Each structure stands twice: as structure tokens, then as C-alpha cells.
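Student: The residues making up each chain are set out below.
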Amino acid sequence: MRLGSFKNHSGHVRIGVKIDEQMADLTAAFEKYLVEEGGIGRQFAKEAANHRMPASMLDLLRREEEGWADLSTVYSYIRNTMKKDKVLFSPSGDKINYGLKEVKLLTPIPQIYRIFDVGVNYEILGREENVPIPDEGCTSMFKKPPRCIIGHEDEIRWPLSAKEVLSELELGVIIGKKGKRISKADALDYVFGYVVSHDLAVMDTLKNANWGMGTESLPGAYYIDSAKSPDTFQPVGPFIVTKDEIPDCQNLNGEFRINGVPKTRGNTRDMRLTVTELIQFLSADMTFYAGDLLSTGGMGSEEYSPLAFPQPGDVVEAELERIGILRNYVVA
Amino acid sequence: MKLVSFRNHAGETRIGVKVGDNIADLTAGLERYLVEEAGTDPLCAIEVTNERMPASMLDLIKREEEGQADLQLTVSYINKIAQKGKTLFSPSGGKITYGLEEITLLTPVPQIPRTIFNMEYNYPAYERVYGTVPPDHGTTAMFMVNPETVTGPSDYIVWPATATEVASAVELGVIIGKRGKRIPQDKALDYIFGYTIVNGITAISILRGMGPGRHCLPAAFYFTRAMTMDTFQPVGPFIALKDEIPDPQDVEAELRVNGKVVSRGNTRDMRCSVARLIEFLSRDITLDAGDLISTGAIGTFDFPPEAPVKVGDVIEAEIGKIGVLCNNVVA
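Chain order of the listed sequences is A and B.
Quick note on the numbering used here: the first sequence kicks off at 23 and runs consecutively.
Quick note on the numbering used here: the second sequence kicks off at 918 and runs consecutively.
Hints in this document: simulated from the structure, not taken from any laboratory.
Computed from a predicted structure; not experimentally measured.
There could be a bad hint or two in this list.
To be verified - Taking lysine-lysine pairs in the DSS-like style, the calculated list, with each CA pair at most 30 angstroms apart, reads:
(1) A:185 x B:1104
(2) B:1095 x A:185
(3) B:1098 x B:1012
(4) A:265 x A:106
(5) A:123 x A:106
(6) B:935 x B:1003
(7) A:126 x B:1098
(8) A:29 x B:1098
(9) B:997 x A:185
(10) A:29 x B:1095
(11) B:1177 x B:979
(12) B:1159 x B:1104
(13) B:1104 x B:935
(14) A:265 x A:105
(15) A:200 x B:1098
(16) B:1095 x B:997
(17) A:200 x B:1227
(18) A:202 x B:1227
(19) A:265 x A:40
(20) B:1012 x B:1159
(21) B:979 x A:29
(22) A:29 x A:265
(23) B:997 x B:1159
(24) B:979 x A:126
Go ahead and model the full structure; you've got the sequences and the hints to work with.
Tutor: Structural data, given as C-alpha cells:
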């Protein structure tokens, strides 16, 4: 399933699933399902649908297993009901299927506020940034504030504090279940799906402060959260691809392009800590919640550096195999 | 004026103001004001009140100037009608005045989402005591913690599974009262809703034990993880508004562990003032009403900013003009 959030013709934020070249409004579709297949009275169906298939992706994810069960039900129902040239409506009159061009696609979880980015999770990144590789089984983690998050085709705003901006291509993991002290063996049960994640940082902030100088407290890292936190500095999208579609998240090719030119290439098999190891490591003393984003570190390879430097005016594309292309525009 | 969030006898989360030794429920207080002084129909008053003085502190703060005006109005009305030893009620029967023993104080802003910015190395004591390399002039280190990390007065600090050493620090917390970006220093205080006490807990062994030595691997690399462990950020018990603290750069603070003074200092020693921190952070980050900036561990050479704590300890973080925040460390 490819799940997304979108703004419909009346400006409301809705959740949808992509089927061929259409978006099906999940809340409206679920209302229709409840009446036509679930035997629920029309007068109750809308309220039940709003509760069980809320228009907020975060609220849906927080329903965990129950939300997933409802999602699977409505998906198989709507996939069989939707026709190419026919517009469907819910019993209360909400439009169900939209052409992709009719809607404004948003970042998949616009309500997100818990964003975890992992640093130095590919050895090539440590080498190129001249940062020592952390101990085995460990890695660094940074947080970003909610206003970093933007979606496909949104604008990345050039920060006041930057002359140079760094882009990293990352596999984003969406957590699907609350948990703490999650073992590596159980960790995939806590994954809901995957997104393309583009992690930006202000290089000046890090460099001017002696990044990589190797003094005791290394001022560069003082500013790592500041450097990564400007508004619009974490595009995520275009859809959440549910984990059933990604049999092995440790074998995905990625490519990052600036104005169509490949800058970064890598494969998730080169992660130092795998997705399941990261979940085990980070959840030891911190609770994960459904809807959390865990961005698993900048990818790269010997031939295609993990470090790319976009400029105002550039079109940047982050692509991950099986997940999609996330395109954004850098504006001054 | 000192504000709280509390749980009442019915288990509901409410917002209140400290009146003498009592707490007055602000939502119930405004309802009574509307009926008694503004001539509002009692049937409409509840709905109007829930909108203008919501029981969620975060929702109130997000009303920005309008919310603050309603707050002033409500508090002066409550002060006018409050009488010692007399319990007041709202027209719909909601209790207004509570004794402190009747309620449970919560962290002043228990709602999420909001962003928590923790500033570090913001006192020169760090260089003198720990030999830390100071951040560039006019800047300081910032790390964010999850809003779920925030707990309240009397809540437990739970010892983490992956750390052997944990430290506590008293910090002045600044609660943002107005959304803004690129806020200049001379306007920054206008963006403050009030001040609170933060007990900043850090798993300091995490900073040391995860890479090839302190000399190569920046401790700061691991700061976020070391601070955002569950229960690691008690905040409270009150929000002191600006009438209580006209100058945030002259606030005395003290940290006690089992009654013994371990840290002590004054916010006048901050490297970056509160106003400068707001300017620095808001350069490229939008600050939202309700966000918390914890302005750095307070200390001096004689009373260092970081105090090691262990299981069983009782920690009291005191800022005279705000109150005392007390938490126990448990296994």
C-alpha cells in the first residue's frame, strides 16, 4: 500500500491510498464500506469512519493493530470497487477517488512531531565528513523540530545562516507500534512502513565551529541539532510504502540527484546498524510511538559521495528503490 | 502570577492560578466572571469559557495575546472574590478554589505536541570546572528532547538501562508565548509567556562510553540520546509570568540532592542571555507558542552545574521566584 496525506478540492487534509493513478480518500471509502458491506446505518457510518479511519495519518497510525486491520479491509474493498473513469462518493457525499493531479499531495504524516535522525550510519559518511566511526552497535542520534517536515514538490527554504547546505539521502522508517526495549528480533513488528527521507543541514554552522577538529568537546557537534533544524529541512514522502511491499529493507538502492545529475548513490545494505539494530539501540531507554520517523542515516558510496550540496534554484530528487522519488525545489 | 496544571478530585486535567496557598481553577473562574460581571447567559458561559480559557495550558498559550488578556481578566476577578476559607463555585457548579492538598500538581504544560529545546554549555562554569571548549561567541549548543520526556513535580526519574552515570542540573525554563521567526533580541521578551524550573537529567556515561575516546568522538554527538530518555526532564511546578520575573537575567537557582546543596548560581552568568537565545534559535527555526527553551545548567566554579545522582536520591531544583521542583530517582 502507498499511503499519503493530501489536501482535497475544499482544502481539507485527508488520508489516501494510491491505486494506479488515483488517490482514494480512505475515510470516505471506509464510510462507504461500512454502509455497503458492514451493515452499519448511514446515520452512524460517517462518525464511525472518522473514528476508525481518521483524516489525520498520525491518529490512524496511533490506532496501531486496529488501525492496520481497518486499513487492510478498506484497501481491499476500494481496490475492487474503484473504476477508472467513475467518480465514487461516500453515503454522506464525500468524494472518494481523485485523480493524482486533482489533489495537493502533502508529506505523508503532516501531524508528525517526533523525528529521529541517525548520524554516521554508513562508514563512507564518517570518512567523507572526517568524523570518527562510533563503537560497534552504537551511533549518534539527532532530533528535528516538526516544522522541518515538508512533502513532495514542496519548497526547501534557504536558511539565513547558510552559505553551504548539505543534503543526505536516507531511508525513513515509520514506526507502527508503541514500544520500549524492543529486541532486534522483534523490531520489524514495530515498523509500519518506509518513506524517502531527505536530511538537510547547514554546513557553515558545523564547519565554522571546527567540525572534525578532534578537541575534547568538538564544538561542531554542539550545533548539530541547530544545523539540521531550519524550517523545511526534512522533506519526507511522497508516500508511506507499507512494509509488506518491502521484503528486505536492507537491500534498497538509492540515488540523489541535483538538476537531474546523480550526486549520491548507495544501498541500504551498507548501513552500520541495520534498521532492526537501530530500533533496539534507540528504544533501550526511550519509548517509540506509532507515527515516529526514524531516518536511518545518509547513504553513499565510493564513487558517489554521501555529501551533496544543493544551491538556491536547484531541483533536488531523492529516490529509493521500491519507495519512490521525492522531489523538492530549493528557493532563496 | 503563577500558573499550574493540575488534576482535580474528579481526575480531570485543569489549569489554575496560585492564590495565596490555594489554587483557583481558571476555567471555572472565567465562567463565573462571564455570568456575574459580563452578563453572559449561564447556558452559554460554559461553552464560551471552554473556548477562551481551555483546560489545556497549551491551548491557552496558543491563544497568544488574546489568551493572555483573558488570563489577566480572570485572575484579577478571582483575586477580587477570593476569600480565605471559603470555597467558590462556578455557575455550572464547577469548583473554583482548591487547597493544594486536594489536587495533584502536573507539569505546567502537560499537552503535546510542542518542541523542547535544551541549551547546553551556557554558563562559563563549564569551561572552568570541566575544561569544556566554549561554543562560539553569541551561540551555544542546542539539543532537542521529545515532549513526552517532560514529567511533572513528584514524578519519578527512572534510572536508564544503558547508563552507569546520571547527572542532574537546575535550569531556567522559558515558555514561548507567541509564534515567531527571526526575532531580534530587543523584541525577544515579547515572545515569552513565562518561566519555569527544569531539572535537566543527562545520562553522562553515554557521552563518554560510545566511541573511541573523548578526544576523538564528540561527547556532543550523543547528547540528544543521553537527554531524551523517558522521564529525563521534570518541569514545574509553576509557570511564573513576567510580572514575577521582570528580568530573567537576575534569577537565583539552587540544586539540592538529599537536602545538600550541590549546584548554585544566578542567571546573570549566562553566556547567551534569554533574549539572545531566542534570537539565535529563531533565526531559521519557527518558535511556536508553548515551546520550551531550557536555558542551560546553572552553576559556578564552587557549585558546578552538573550533579551526579543515584537511585534513591531526592532532587530539589529551586528557583526562588518560581518554586521548588522535587523528584526522586528510582530504579
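Student: If a hint holds in the structure, say so; if it doesn't, say that too.
Tutor: Here is how each hint holds up against the structure:
A hinted pair counts as satisfied when its Cα atoms are at most 30 angstroms apart, and residue 185 (chain A) with residue 1104 (chain B) qualifies at roughly 26 angstroms. For the proposed pair residue 1095 (chain B) and residue 185 (chain A), the alpha carbon gap of about 29 angstroms is at most 30 angstroms, so the pair holds. Between the alpha carbons of residue 1098 (chain B) and residue 1012 (chain B) the distance comes to roughly 40 angstroms, so the proposed pair goes past 30 angstroms and is violated. Straight-line distance between C-alpha atoms of residue 265 (chain A) and residue 106 (chain A) comes to about 27 angstroms, which keeps the hinted pair within the 30 angstroms bound.
Pair hint residue 123 (chain A) plus residue 106 (chain A) holds up; C-alpha atoms about 14 angstroms apart against a cutoff of 30 angstroms. Restraint check: the Cα-Cα separation between residue 935 (chain B) and residue 1003 (chain B) comes to about 15 angstroms, which is no more than 30 angstroms; the hinted pair holds. Restraint check for residue 126 (chain A) and residue 1098 (chain B): satisfied, since their Cα atoms lie roughly 26 angstroms apart, inside the 30 angstroms limit. For the proposed pair residue 29 (chain A) and residue 1098 (chain B), the alpha carbon gap of about 26 angstroms is at most 30 angstroms, so the pair holds.
With a C-alpha separation of about 57 angstroms, the suggested pair residue 997 (chain B) and residue 185 (chain A) falls outside the 30 angstroms cut-off, and the hint is violated. This hinted pair checks out: residue 29 (chain A) and residue 1095 (chain B) have alpha carbons roughly 27 angstroms apart, not beyond 30 angstroms. Proximity of residue 1177 (chain B) to residue 979 (chain B) is assessed by CA-CA distance (about 39 angstroms); at most 30 angstroms being required, the pair is judged violated. At roughly 14 angstroms between alpha-carbon atoms, residue 1159 (chain B) and residue 1104 (chain B) fall within 30 angstroms of each other, so this suggested pair holds.
Our distance criterion of 30 angstroms between C-alpha atoms is met by residue 1104 (chain B) and residue 935 (chain B), whose separation comes to about 28 angstroms. Taking the CA atoms of residue 265 (chain A) and residue 105 (chain A), the gap is near 26 angstroms; set against the 30 angstroms cutoff, the hint holds. With a CA separation close to 33 angstroms, the supplied pair residue 200 (chain A) and residue 1098 (chain B) exceeds the 30 angstroms bound. A distance of roughly 29 angstroms separates the Cα atoms of residue 1095 (chain B) and residue 997 (chain B); the hinted pair therefore holds under the 30 angstroms criterion.
Straight-line distance between C-alpha atoms of residue 200 (chain A) and residue 1227 (chain B) comes to about 28 angstroms, which keeps the hinted pair within the 30 angstroms bound. The suggested pairing of residue 202 (chain A) with residue 1227 (chain B) holds, with an alpha-carbon distance near 22 angstroms, which does not exceed 30 angstroms. A threshold of 30 angstroms between alpha carbons decides the hint, and for residue 265 (chain A) with residue 40 (chain A) the separation of about 15 angstroms falls inside it, so the pair holds. A distance of roughly 27 angstroms separates the Cα atoms of residue 1012 (chain B) and residue 1159 (chain B); the hinted pair therefore holds under the 30 angstroms criterion.
The hinted pair formed by residue 979 (chain B) and residue 29 (chain A) meets the criterion: a straight-line CA distance of about 24 angstroms does not exceed 30 angstroms. With a CA separation close to 25 angstroms, the supplied pair residue 29 (chain A) and residue 265 (chain A) stays within the 30 angstroms bound. Restraint check for residue 997 (chain B) and residue 1159 (chain B): satisfied, since their Cα atoms lie roughly 21 angstroms apart, inside the 30 angstroms limit. A C-alpha spacing of about 27 angstroms is found between residue 979 (chain B) and residue 126 (chain A), which places the hinted pair at or below 30 angstroms, so the restraint holds.
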